[in-house]
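Visitor: Given the sequences, and given the hints that come with them, work out the whole structure.
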Amino acid sequence: MAEKTSPYGFRYIGAKRRTKEDPRFVTGRGRYAADIQLPGMLHVAIVASPYPSARIRSIESAEALALPGVRYVLAGAELCAAVDALYVGVDAPKVKRYPLADGLVRYAGEWVVAVVAETRAIAEDAVELIEVDYEPLPHLVDPEEAAKPGAVLVHPEHGTNVLYHRKFVWGAVDEAFEKADHRLAFRARWGRSATVPIETFVAVAQWDAGNEILDIWASIQMPKFPDQLARALRLTGNSVRVHFDVDVGGSYGVKRGMKHTLLVSYLAMKLRAPVRFLEDRLENMRGGDMHGPDRIFDMQVAFDHDGIIRAWKIKALDDVGAYAGRSPLQLGKPVSAICGPYRIPAVEYEPTSVMTHKTPQEAVRGFGQSPTNFAMECTIDRVARHLGMDRLELRRKNLIRKEEFPYRIPSGTTYDSGDYHTVLDKALKAADYEGLVRRRDEARRAGRLAGIGVSTCLEPSGGNSSFEPLFNPKNETTTWMDSCLVRVDLNGAVTGVFGTSSSGQGHQTLVSTVVGEVLERDPSGIRVIAADSLNALPSNSPVGSRMAIMLGGAAAGAARKIRDTLLKIGAHNLGLPLSGVTYRDGDVFDTLHPEKRMTWDQLVEVAHRKFHKMPPDIEPGLQAKFVWEVPTGGTLPTEDGQVQMYPCYSFETHVVYVEIDPDTGKPVLQRYVVGHDCGVMINPDIVHGMTYGGVAHGVGAALYEKFAFSEEGQLLSGTFMDYLIPSALEVPEISIVDHCTPSPLTTFGQKGSGEAGYLGGPAAIACAINDALDPIGTAIAETPMSHLALWSLIRAARAKPKMKDAA
Amino acid sequence: MNEPKSSVCITVNGVEHRCEVPTRLSLVDFLRETLRLTGTHVGCEHGICGACSVILDGDPVRSCLMFAVQADGHSITTVEGLANADGSMSVLQDSFCETHGLQCGYCTPGMLVATHSLLKTNPNPSAGEIRDAISGNLCRCTGYQQIVDAVQLAARRVAAGNGNR
Chain A
1 MAEKTSPYGF RYIGAKRRTK EDPRFVTGRG RYAADIQLPG MLHVAIVASP
51 YPSARIRSIE SAEALALPGV RYVLAGAELC AAVDALYVGV DAPKVKRYPL
101 ADGLVRYAGE WVVAVVAETR AIAEDAVELI EVDYEPLPHL VDPEEAAKPG
151 AVLVHPEHGT NVLYHRKFVW GAVDEAFEKA DHRLAFRARW GRSATVPIET
201 FVAVAQWDAG NEILDIWASI QMPKFPDQLA RALRLTGNSV RVHFDVDVGG
251 SYGVKRGMKH TLLVSYLAMK LRAPVRFLED RLENMRGGDM HGPDRIFDMQ
301 VAFDHDGIIR AWKIKALDDV GAYAGRSPLQ LGKPVSAICG PYRIPAVEYE
351 PTSVMTHKTP QEAVRGFGQS PTNFAMECTI DRVARHLGMD RLELRRKNLI
401 RKEEFPYRIP SGTTYDSGDY HTVLDKALKA ADYEGLVRRR DEARRAGRLA
451 GIGVSTCLEP SGGNSSFEPL FNPKNETTTW MDSCLVRVDL NGAVTGVFGT
501 SSSGQGHQTL VSTVVGEVLE RDPSGIRVIA ADSLNALPSN SPVGSRMAIM
551 LGGAAAGAAR KIRDTLLKIG AHNLGLPLSG VTYRDGDVFD TLHPEKRMTW
601 DQLVEVAHRK FHKMPPDIEP GLQAKFVWEV PTGGTLPTED GQVQMYPCYS
651 FETHVVYVEI DPDTGKPVLQ RYVVGHDCGV MINPDIVHGM TYGGVAHGVG
701 AALYEKFAFS EEGQLLSGTF MDYLIPSALE VPEISIVDHC TPSPLTTFGQ
751 KGSGEAGYLG GPAAIACAIN DALDPIGTAI AETPMSHLAL WSLIRAARAK
801 PKMKDAA
Chain B
1001 MNEPKSSVCI TVNGVEHRCE VPTRLSLVDF LRETLRLTGT HVGCEHGICG
1051 ACSVILDGDP VRSCLMFAVQ ADGHSITTVE GLANADGSMS VLQDSFCETH
1101 GLQCGYCTPG MLVATHSLLK TNPNPSAGEI RDAISGNLCR CTGYQQIVDA
1151 VQLAARRVAA GNGNR
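Which chain is which? The protein sequence lines are A and B, in order. FYI, in my numbering the residues of the first sequence are 1 to 807. FYI, in my numbering the residues of the second sequence are 1001 to 1165.
None of these hints come from the bench; they were simulated from the model. Computed from a prediction, not measured in an experiment: that's the story for all the values here.
Restraint ranges, calculated between C-beta atoms of paired labels, are given here:
#, chain 1, residue 1, chain 2, residue 2, range
1, B, G1161, A, G525, 25 to 33 Å
2, B, P1004, A, K270, 29 to 37 Å
3, A, D227, B, G1161, 50 to 58 Å
4, B, N1002, A, R272, 23 to 31 Å
5, A, N491, B, G1161, 34 to 42 Å
6, B, D1059, A, D661, 27 to 35 Å
Chain B regions said to be covered by chain A (calculated; three or more residues, Cβ under 8 Å):
#, region
7, 1035 to 1049
8, 1103 to 1113
9, 1132 to 1138
Chain B side only, calculated, beta carbon under 7 Å to chain A, not exhaustive:
#, residue
10, V1079
11, E1080
12, Q1093
13, F1096
14, C1097
15, H1100
16, C1141
17, T1142
18, G1143
19, Y1144
20, Q1145
21, Q1146
Yeah, the Cβ is synthetic: ideal placement off N, Cα and C, and Gly gets one too.
Guide: Quick look at the structure:
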């Protein structure tokens, strides 16, 4: 747990503080979208396509409609004519996506018909009575096949399955490859997994006919959600009111739910009744459209005898499934840290986003960075192995040094600050690295498979949109603001208001801590609310590890305005110049004669009631908003694709000790240490919690979780019986070692941490597994490194005569 | 519609409920939709995630895998019933707040039910025993660590006799 007092010298920031949110959750008083019960509410169940690719010949729904309690049956033809297609993140306007398929189905599980009934059970009964006649069509599951000319097309109108392709060359890459002493090439594969929150998607819509406003309660985490929803419904933005005060039961990127919400919105307006859709787990896994990156990396690296890396080339082919959304942009974020934490002067990056007949991909924690970190760290370990050099020595040689910050990488982004060597050393010390090496070697002598993995990875944070114009020149978005409103009421109580939903990040705690810090008032008395979208200031939602930076900065900015106003009121009433007064604990006093003062209550009373005592040009009432653009944001990419991507760069190093049971292939993570530097931590317990959770996600992605598809295009892991989420027995005890290199760009020196743990975890686990496999002359560069995959490799290696890995 | 219904008498958090329920109504839907006790959550509806855990006659069970009619004549405690008689948080609930043993809160009721039951039979569990007890409850936020910390803290506080708050 966090220290009682702030290690940074702040009053509240960094000190142990219970969260605002936890009490309602431990007492069963959270309010999630599924808890919203509206009078006369109707329920939706879905008829999904059993085919990965087919033409819908006919839909027969008379029998379903005749079932008592069934209110409506909606098919794609009606819906697609009445709403606009969902937003596509890249320039692919003909890749149209609607909540229900119309004409063609493009993946097994795609929604075809929505049945509305008085209860969910009746709706599900009616689903069984609907007959859809399909004409099966050829399908694709292999992304490499899909990218080839002449492949079966997922969207024939688009003319190709490729959504995005570009080769970026930053620096003298070819020259570096020519001149380097060594070159290596290998393929790494990141399997399709996702963060899979325990709450599925839920959306409730109600048409307020009197005011002509559509009210929405949905489990979402998404930038520009209300605007996109209004556009798709052909409504004005001010006709949609998204209630951000519902608790979201986990997201970690995936809770976009636009198609879910569009569907219930249309139905609520059509039927003039509140409509709820609550995904069951099967619907969520196959048709929730929340699968994560599914990537093939072809890595090439050029380096010298001494271990200095001169250049690398990263080719990334990402299978986004049947529709686009924002998923192709997950190849974009890695541009922000394309050389990792290393001094690599020349980089080539060739991302390709391709469609197949699979469940669509959505944003997943890290937005494509964790797979890239995994591929980069596998590269680093292979270089070390090739040179016979210690992996830590190789990293230390190539890591950017503390004194080199701010450090500009070849792709145009400047890293704000860092002290990678120190964090690495602290983590190694905490892990007793030498002791681990002895333990590993003893285990090996005893005939066991044991390995140590170390990763050094970056977490780009402060979520910006730079990949949008980078990947789509028609999109000139350079604004990616967030905001906060702080209000002091007549009785002197402070309220912070923000405008997005929360899914466990602790935004109420964040805002109250920051506002308390600035106003020098106890955060426990500061109320924080999430306004609805018609009442809220602009937000780009908690994506890209941005809220400590962006909402924290906005809350501080608003609170400072309040403090400035109180200072002016105090100075005016004390008859002093502004320079002669001091603010402390909410009071304003004469700096030279502190007994001459106005208390908080007096100042507030003047602001609210006593206009005659107000200084000129100050608004009465006491509230202030602060909207700020993401630091370093606001510029478009250059022609050659150089761009300042994210503002802040957190660093993490993971040290993992693994032993693999050679007979079952089961890996056990016996020691796990994370060294973490995300600058100033506003609430250390929250940061640590996210980091532990990120590691758990990393353990899942690295070892267990996969949305596997059969050759026939069927999802094989659509339940928790076969999509394996790590339990408390698979996730090891984790030790976190903190370090603080403040960011020069943020209000208190904070950086982002929402993706911590996940960004370095799979990389380190892969390095540990490969260290364990090395003595038997085999290797793996594919996630998940399942028991079966490891068992197969071990078996094959043992069947062969002994030889050292040539890679 | 003429759905088959059955009469049940189920005691939930000390309150007896006598009513007619559709025979096919799951226990979790009965708790959430009929009684409006929405603290119990639904995560997978196939018995893996544990979010719907409730205490049935003293033992944790999956309320998604039971029908309401199967609970006829039984006594159930949900997360809403874990607080002290005066409505204040139990030691365990308070300890979850102290260690931040949750984030989004969705799995939390199940975790509380599982660990409340654990502490009843094993007042001083090791970290391994706690992990074992919550191994049937999936959490995607915490990596379980601060949950284990919370349960250990609660056990220490009860043992020290200062837990009754």
